[in-house]
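Residue numbers (my numbering), protein chains in the order written: chain A, 1 to 436; chain B, 1 to 436; chain C, 1 to 436; chain D, 1 to 436.
Simulated from the structure, these hints should not be mistaken for laboratory data. A quick note: this is a predicted structure, and the numbers were derived from the prediction, not measured. Just to be clear, a hint being listed does not mean it is correct.
For chains that are exact copies, the list does not tell them apart, and a pair is met inside one copy or across any two.
[Unchecked claim] Straight-line Cα separation of at most 25 angstroms, SDA-like style, residue types lysine to any residue; simulated pairs: (1) 272 x 192; (2) 135 x 196; (3) 271 x 74; (4) 350 x 337; (5) 384 x 349.
4 protein chains.
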Amino acid sequence: MIPRYSRPTMTDIWEPATKFRIWYEIEAHACDAMADIGVIPRENANAVWKAKDVEFDVTRIDEIEAVTKHDVIAFLTHLAEHVGSDEARFVHQGMTSSDVLDTCFNVQLVRAADILIADIEALLAALKRRAMEHKMTIRVGRSHGIHAEPTTMGLTFARFYAEMDRNLVRMKTARTEVSTGAVSGAVGTFANIDPRVEEHVCAQLGLTPEPISTQVIPRDRHAMFFATLGVIASSIENVATEIRHMQRTEVLEGAEFFSAGQKGSSAMPHKKNPVLTENLTGLARLVRMTVIPAMENVALWHERDISHSSVERGIGPDATVTLDFALNRLTGVVDKMLIFPGNMLENMNKFPGLVMSQRVLLALTQAGTSREDAYAMVQRNALKVWEERTDFREELLADEQVVAALGVDAINENFNLDYHTKHVDTIFARVFGAMT
Amino acid sequence: MIPRYSRPTMTDIWEPATKFRIWYEIEAHACDAMADIGVIPRENANAVWKAKDVEFDVTRIDEIEAVTKHDVIAFLTHLAEHVGSDEARFVHQGMTSSDVLDTCFNVQLVRAADILIADIEALLAALKRRAMEHKMTIRVGRSHGIHAEPTTMGLTFARFYAEMDRNLVRMKTARTEVSTGAVSGAVGTFANIDPRVEEHVCAQLGLTPEPISTQVIPRDRHAMFFATLGVIASSIENVATEIRHMQRTEVLEGAEFFSAGQKGSSAMPHKKNPVLTENLTGLARLVRMTVIPAMENVALWHERDISHSSVERGIGPDATVTLDFALNRLTGVVDKMLIFPGNMLENMNKFPGLVMSQRVLLALTQAGTSREDAYAMVQRNALKVWEERTDFREELLADEQVVAALGVDAINENFNLDYHTKHVDTIFARVFGAMT
Amino acid sequence: MIPRYSRPTMTDIWEPATKFRIWYEIEAHACDAMADIGVIPRENANAVWKAKDVEFDVTRIDEIEAVTKHDVIAFLTHLAEHVGSDEARFVHQGMTSSDVLDTCFNVQLVRAADILIADIEALLAALKRRAMEHKMTIRVGRSHGIHAEPTTMGLTFARFYAEMDRNLVRMKTARTEVSTGAVSGAVGTFANIDPRVEEHVCAQLGLTPEPISTQVIPRDRHAMFFATLGVIASSIENVATEIRHMQRTEVLEGAEFFSAGQKGSSAMPHKKNPVLTENLTGLARLVRMTVIPAMENVALWHERDISHSSVERGIGPDATVTLDFALNRLTGVVDKMLIFPGNMLENMNKFPGLVMSQRVLLALTQAGTSREDAYAMVQRNALKVWEERTDFREELLADEQVVAALGVDAINENFNLDYHTKHVDTIFARVFGAMT
Amino acid sequence: MIPRYSRPTMTDIWEPATKFRIWYEIEAHACDAMADIGVIPRENANAVWKAKDVEFDVTRIDEIEAVTKHDVIAFLTHLAEHVGSDEARFVHQGMTSSDVLDTCFNVQLVRAADILIADIEALLAALKRRAMEHKMTIRVGRSHGIHAEPTTMGLTFARFYAEMDRNLVRMKTARTEVSTGAVSGAVGTFANIDPRVEEHVCAQLGLTPEPISTQVIPRDRHAMFFATLGVIASSIENVATEIRHMQRTEVLEGAEFFSAGQKGSSAMPHKKNPVLTENLTGLARLVRMTVIPAMENVALWHERDISHSSVERGIGPDATVTLDFALNRLTGVVDKMLIFPGNMLENMNKFPGLVMSQRVLLALTQAGTSREDAYAMVQRNALKVWEERTDFREELLADEQVVAALGVDAINENFNLDYHTKHVDTIFARVFGAMT
């Protein structure tokens, strides 16, 4: 959790104050349930709610923990200071620390998931807007970094939209994965606590009861959660890489936003660096690195060991805070990025018309020219364009054999860009739905 | 793909012959679709099906590839040798190699997923059977490797069942993730091929059309697929670790199967090694290591670069073959593993009755003894058990103060194991459904 | 960097104040060198040293950065506030921000390495002391968690010593890897700054000049550094795993230290949990997860992109702080851990004498008994021990055929533990040197 | 181990035949040593060497293993078929399977290391040759993909040389890490075998004795070995990324080799794809993914468990074979790659002269112009170049205020490329040594 790559809405979830608040709610709801089923007196359950509006004193709890060496006991001691030691005597009865810790961790992950879901939705909105805006902005498609055939900038945004839309579904699934709670006692047998307490606590916190826990909630759930964050981070890297490529001096088809009068750069107008997307590339690595430890956490010894705990103290905040920041940063970049359609055309025509050479080759063979002849015709003209940067169409129109084979109109037709965009609507309908 | 950790049903999917067969089907179905919409003559489409029952000659294709340096062209050349060069002239028209390669890869992954789903189902059946069998077999639950409270062996199997049941759902989701195909041309614009061809090919192969592809199917899908395999592998490690612990000489609560008269080991009857579950621990690492490269594959340059290809040639077969083998091995282990209920009781009573000390402490305070007094009473008797291995219950019954506080019946009641198993039915109903 | 897993000596290295201090030294030494070679006036170089004892105001620098959006410029602005704007006007001349940032990062890593080296040395001292103490403490060796042959606890400590000694060498090599500095300008050509400046700055900071830098110091160095931390962390996990196994209730051959009268646990004397070594297992994962991103950082675009920066802001502090904490924690655990030699013997004799069955088998064949006969003799006695827990030696002595084949003395000789420890001195001499 | 990414010299190391040959040598040398110290008869040791020139029958050994379920026993049985069952009866005496397996694995890794060392040396030769060739070939240096200042292509090759030279040192260190052998028995105590046997075997195989082994050689050694391969792979990715950037259509400063008349591409002369370096990018991921499992292998249970074995069966061949192939492929690429100096100049002058704007700014301030004035002067001219692509030098020469401030000569001087190359010799001397 690096301060400069953090947003308060997400870091708040991981603050001690938030944690203690959730612990409190778990304990208070558990008391309610125990009172409902007659295990403890109703007055004692009610008494716990006296602390409803208390802001727990983190420093005080830390002081107590320094003595007790146990965080949950320290909290309960502090809670008793508010509720009254006698009134509080049934709090946590029959429960084990992990009932509180694990249920709290999942509440935090669910809240983090909610923010990430909203983040992705905001990113989707930006991507869709830019896709619509540049639906027909012609740009050369590239395989291997090499010009292939024309496509549009809108299709680029649309494919990032489709990818992030899949990530939205995945994130929602990941949220469900960790939306369970457990109040089942030291080895998960409910020996000292009624399963109805767990049901009530979970219902109040928006969770479902873990069908079978040990001392802990099983960690395959969390492995899946962090794996999903890793996939989303990789998608962020995907978008960031595209933008970094677009901004490089030789390409210059797009750029991260900079205000026209921004000082410092105007004396070196060529030196606008894609630092945000480079940063996103690094942040993606930071999120992704949490996936393997989360998977290594799955195999705990018997009913639990505590090896997962230190890992989660690290990756819980780190992965969610970093991904939240990254998604927001990317949304800002997409929203405001500059697109240079003129440069797109200029790049496509670096070797004027040459990007159409394959299409001309096909046209010739479809028109009945033998493969060998067609190949020779295209080759001699293409090489001229490659070596002398003349215009491919003009070369073809000046080549009698080609004109004889295809005719002038057909030659020209091959350079019609509509040919390449004719199915953009179809694709957009697939991605954004019928009417977009 | 290590031969000794491979099963033919899975390795078959990754054989060249299978791959060529799928390529053939893609091409043949594409021709059908093109004929349907009038782009190529129906006879030519029909002619392709002449090769329907041909087993393609992998050696011959390799020979051609050695010349053409292009695998898809080599295949098409060989196909023409069967279909007839003239009849085959419309095969692959308007398509790009990736249309074939990526769609094929997804067909392979879907088939692999089907096997893995069946594997998990078989494992679930074994786990369920053993859970039922040992539903009430008492065993001490352990946190941190240290005795905590009693539980049952059935609950151990039940929680592995629940975990693998979640993996079943995840595997089905992962299958859906990769069940798309693309026949969209060099940069995904359908410039040279009608989207209806893609629809037809996908429908015939049991796929859905990729809503928007570039030259390739987007790799976030595959990242999610391999991440899911990594989670499942981690769950295998979880089960394997439990069994390895059970089998260690000092614990001996269970063991991988060995036949009673098995030669070689009976002269050293203590030396039965849990080699299968140790092996599974290692295989889990091999599957898990494919997750990060799959995520690194997501960020391709522009409409595609080919960096993902070598990675997938490795991890595609490796991860699916290894996971298939591991799931099957684990099913065999679970199915046949020996359970030693007598040793479970003996272990639980290593310090006779001491595992109940916490419960006695609670009973005393609930009966009105002050915390300090209760603590002192339990402590003096517990330490005797710890140091001299006397019986905790007998010590308590001989302690006048304890008897005065609790009464003989209540003391005995604390050693009643039913207390710990009273909710096993509830938990089983949650895991296996109402009637099990 | 998780506060509870952090030690101030290491976190101090990563404080902003430390960073600015190092930046200051780089700039001041650079000015000195530039004055020495006549590029800037000596007075200006001297003037910079006026700030020698200044504690830079981190808040103030942050304020300036909020305006300039550039951390190095913010620092230089603040420095000028101390030195005088005119006197400071040659500071940073011809340098690029990375000259400061990268050289500083390496100074920090070298300092971190020095602490880690001292950590390992302290751990080695503890391991050696315990090895000497338990050099001849008999304990059963286990393969696959199953009893094999006797060994000693001293050998266990000795092998951890040897492993950590290798890690000491590795850590020193890793320190050398990152002990370079660069003051070479925007693309590493020294266009605007003389190489002698780099030489002087490096010499003053205890670094060597990077032979060839671009804008940055090449990141393969850092990849190797973090990979080394990952190996050391894995060794920590190795030791921690051994101790966790030793402490489990059924084994109880050792335990993390707890004071005899420690309250809270004495009412449950069996419930002493190996929480420190479990924690170390998790911390090892946290260190190890930084290895892959450090390797992904190696491939920067052209003369640099900034993708590595966010990664290093995370893993630089995280990996070094966590590893430092873990090494210290492990040293404390090793230093004070309880060893229970009585339990070691008891465990070894769980099936009395059975651990010698293989040796008896060999003795019989070496004494001329056929393999088949020897096998049958051992088997019938071993199975009795396995099933009825009688004493293997007594069974053998009561078996006329065995006595006839070996003789009473030779039978007894097989149970002599000296046989297994006869080379302990040799091994100790290998590990600790001639006199130990 | 993917056939198309494998070279026979490396795959041979991992063939069963090679493995059995090494096993044989270990056993035969062990017999020699045992005869030397009088433990077994000399004739029996000599008899083993009768099999010296035998090519062991892998199929036969597999058949035996199918019965014995033990690979080492199967081999020993087959060996006895050659040597004579009676003569062979002392083979393997006092040894444990791991003595053979682990020592063999290290022999294989050392041989693999030797090949990799030779690979790196070949790569270094190619890099050095190209560095010398293009020592002064001017090219724009880029940070963030954006033009910064001039550098030379030779410096690019030289920094890759320096990086690979570090990798050479690392690879040699890694070789030493794994060049140990162990013949120390079931738990490493030499109970049944004299340490002199280990010494002799190791000496004969070019290994040093592992100072302290358990049943196995400690796995931190192998973790370090594979981590080193991961770093080297990352360096390969670094070089590959540079070349991929150079070859993209808009940059075209270099390209993987293609023969002038190569068919297939000349009709699309722009479509030369950097498929080899893209492939290398993927191969780097495959090597890197083996690092974490190798580290997870370090923590074995007690004196060994076998979880590492399946991992090593995979990553041992995979990582070494893939890295060997990748290094060779890269050497070929570097050796033959096309360099286009003309395009380098053209790119640098995309905005003619603008890359010098920062230097002009510095020159102005050094000539006494105030920062504000200097900035304004540069800005107005730079923006013209940026917007209209006029020539920056000409603009400056036409700007009276600039001419007044700097003079014509000084203006021109700023565009002198020698300024940027004046220290290339210095850097080359650092990298390649005094005379280069």
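Against the structure, the hints come out as follows:
1. For a Cα distance limit of 25 angstroms, the shortest separation of residue 272 from residue 192 across copies, 21 angstroms, qualifies, whereas the shortest one inside one copy, 65 angstroms, does not.
2. In this homomeric assembly, residue 135 and residue 196 come within 25 angstroms of each other (Cα to Cα) only across copies, at 22 angstroms, whereas the closest approach inside a single copy is 55 angstroms.
3. Only between protomers do residue 271 and residue 74 lie at most 25 angstroms apart by alpha-carbon distance; the minimum there is 20 angstroms, versus 56 angstroms within a single protomer.
4. With identical chains, the CA atoms of residue 350 and residue 337 are at most 25 angstroms apart both within one copy (24 angstroms) and between copies (22 angstroms).
5. For the identical chains of this complex, residue 384 and residue 349 are neighbours both inside a copy (14 angstroms) and across copies (24 angstroms), given an alpha-carbon limit of 25 angstroms.
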